[in-house]
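These protein sequences, in sequence, are chains A and B.
For reference, each letter of the first sequence is one residue, going 0 to 334 in numbering that gives the first Met the number 0.
For reference, each letter of the second sequence is one residue, going 0 to 229 in numbering that gives the first Met the number 0.
Honestly, I wouldn't trust all of these hints.
As the list claims (entries may be wrong) - To spell it out: a stretch of chain B is covered by chain A in this simulated footprint if at least three of its residues, at any positions, have a beta carbon under 8 Å from a beta carbon of chain A; those stretches are:
{"hint": "1", "region": "37-45"}
{"hint": "2", "region": "72-80"}
{"hint": "3", "region": "83-93"}
Unchecked claim - Pairs of lysine-lysine, BS3-like flavour, derived with a Cα cap of 30 Å:
{"hint": "4", "chain 1": "A", "residue 1": "Lys67", "chain 2": "B", "residue 2": "Lys87"}
{"hint": "5", "chain 1": "B", "residue 1": "Lys213", "chain 2": "A", "residue 2": "Lys59"}
{"hint": "6", "chain 1": "B", "residue 1": "Lys47", "chain 2": "A", "residue 2": "Lys101"}
Calculated from the structure, these hints are not laboratory results.
Being a predicted model, the structure only gives us computed values, none of them experimental.
By construction, the Cβ of each residue, glycine as well, lies at the ideal position given by its N, Cα and C atoms.
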Amino acid sequence: MLILGIETSCDETSAALVEDGKTILSSAIATQLDLLKKYGGVVPEIAARRHTELIGYVIKEALDTAGKTLDDVEAVAVTSRQGLIGCLMVGVAAAKSISYVKQIPLIGLHHIEGHIFANILSNPDLPIPHIALTVSGGHNMLVHVKKNCRYEILGSTLDDAAGEAFDKIAKFLGLDFPGGPVIDRLSKQGNRKAFSFPRPMIKSKELDFSFSGLKTAVINMFKDKIAHGETLPLADIAASFQEAVVDVLVAKTIRAVEEHDLKVVSVTGGVSANSRLREVFAEIGKKRGIKVFFPKLSLCTDNAAMIAAAGYARMLMGERSDLRLNVFPNAPLGG
Amino acid sequence: MIVMGIDTSGYVNAVGIGDGSRVLADVSFPARTDSLEQIVDNIDTVLKSANLSLKELEGIGVGLGPGSWTGIKVGVTVGKMLAFSANKPVAGIPTLEALAYAVRDKAPLICSIIYAGIRDTVYASFYRSGVKEGDYFAGDVKDLARLIKEPVTLVGSEINRYYELLVKENASLENTITTIESLPSGAAVACLAAARLEQGQRDEPLSLTPLYLKESTAKVFVNKYKGEIK
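Whole structure, please, built from the sequences with the hints as guidance.
This is the structure:
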């Protein structure tokens, strides 16, 4: 079954063609990096306007790259839950129109379910059940993937998502946006033990996260130095900060896996591209006999291929949306 | 040429069908917050009630706004993707022009007005016998008073409120202005689009973008301090 996936929940306009939830024929992504750099983050109305301009071109690009036309497409899958409301609406409006004209099934999906499927799409041997750590600039959750498309949320962030903390610290240090890749790169030249930053909630039994305090601790330690124009050891700060975030993410995930007697972890979302996170997970996984899976780098950040893959799984279970499909910006991950 | 017109810029889902001179259907569905939920159903309902299929349509007209920022994104995206998917020619029509067109026989000079969402700000444009005169106006309705120098008919939603504000600004306008209360019409968009398409003036479907007339507040703010974005 050839599925057209559409994803516009935040700042990436994307469309993809995926065959049988497994084979990516094309994945077109128009980033709004120029806008992000300019405004230091995502401005919802500006992002939504950009989606409106680009959506048609991105869908055409996905079709052309795959050498297909809309007549070949057998279903449309679109992110309709969780994200920026105006942005989600553009993707859903496009998906409904295509479904209506071509008389093909439509399915609306939760953005986080898409990320969970990014890893299933990248690693066909990823077993279910497993524990998924979804972590990006907008979300930070631990999910027990019990069965195909059946989830239990074990914990989520009480304030900032880890990716958001990366962005804010990068901004504070005068680094580029988005902060994740920049801090990752810079950290390679720094000392991870140069500064001892707090590991918020690392000892707590809860599986929730909190990164706002860590961010404040970093800012408080250096704001006077910045005000006095002192040169900061940027690489050391970046490496020490990153280590604190990684420590918390790994410790909580391992706790969740062991509490559920599982041996499999799926790390997904934009921050899953972080090289230190991958390194530490690999080390500890080896030590404890836990298999840790990561998506292909191209599927870490928002993309529509993961939405098409999730759509396929849901359709196999007989689920469909009707043409009244609406958007729900704050919907929890269900099912 | 049978054309369907869609306009979701004004808190109604307006869907109509026209063939240039004749209106075949013209329906406004109330849709203050569920424009997206309803729009495809609305289109289907109008097509069925006109006893037409998508295949029989020869073109699509899309109301580009200005108006509700969220509303226009829905209509423009649906319009462009319908045209692309069904391989139909498309024409984007400014909603201000469609408002004026719908009452074109009532007066020689028409000023269409659309609420801009904050206090008494509006978008407006003048049309003389269907031809746009001057630039689009975006600002406080009282500043529109300076632009009215001869008898004019105002058309739009809540139009009497704007009439009163204009007369308050300049009492001499009391006898110069007449008003017609009206919502965006899908049939007006369809008829204007049909006329344009018949002259070969197609828009490239994927390039259709809303007519905002006003930058987002964040962009205005940042541009002021950081310089123009490319």
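Query raised in the report: Holds or violated: the region 83-93 of chain B covered by chain A, criterion of 3 or more residues with Cβ-Cβ distance under 8 Å?
Result: Held - the region 83-93 of chain B has 3 residues with a Cβ nearer than 8 Å to chain A, which meets the minimum of three.
**Report entry** Within 8 Å of chain A's CB atoms, at least three CB atoms from the region 72-80 of chain B: coverage verdict
**Finding:** That given contact holds, which follows from 7 residues of the region 72-80 of chain B lying within Cβ reach (below 8 Å) of chain A.
Query raised in the report: Under the criterion that the straight-line Cα-Cα distance not exceed 30 Å, is the pair Lys213 of chain B, Lys59 of chain A satisfied?
Result: 29 Å, holds
Query raised in the report: Do the alpha carbons of Lys47 of chain B and Lys101 of chain A lie within 30 Å of each other, as the hint requires?
Result: Distance ~17 Å between Lys47 of chain B and Lys101 of chain A Cα, so the pair holds.
Query - Distance restraint between Lys67 of chain A and Lys87 of chain B, which requires alpha-carbon spacing of 30 Å or less - result: At roughly 19 Å apart (the allowed maximum being 30 Å), Lys87 of chain B and Lys67 of chain A satisfy the hint.
Query raised in the report: With a Cβ-Cβ cutoff of 8 Å, does the region 37-45 of chain B contain at least three residues near chain A?
Result: It holds: at least three residues are needed, and the region 37-45 of chain B offers 6 whose Cβ sits within less than 8 Å of chain A.
This entry satisfies every hint, going by the numbered hints stated previously.
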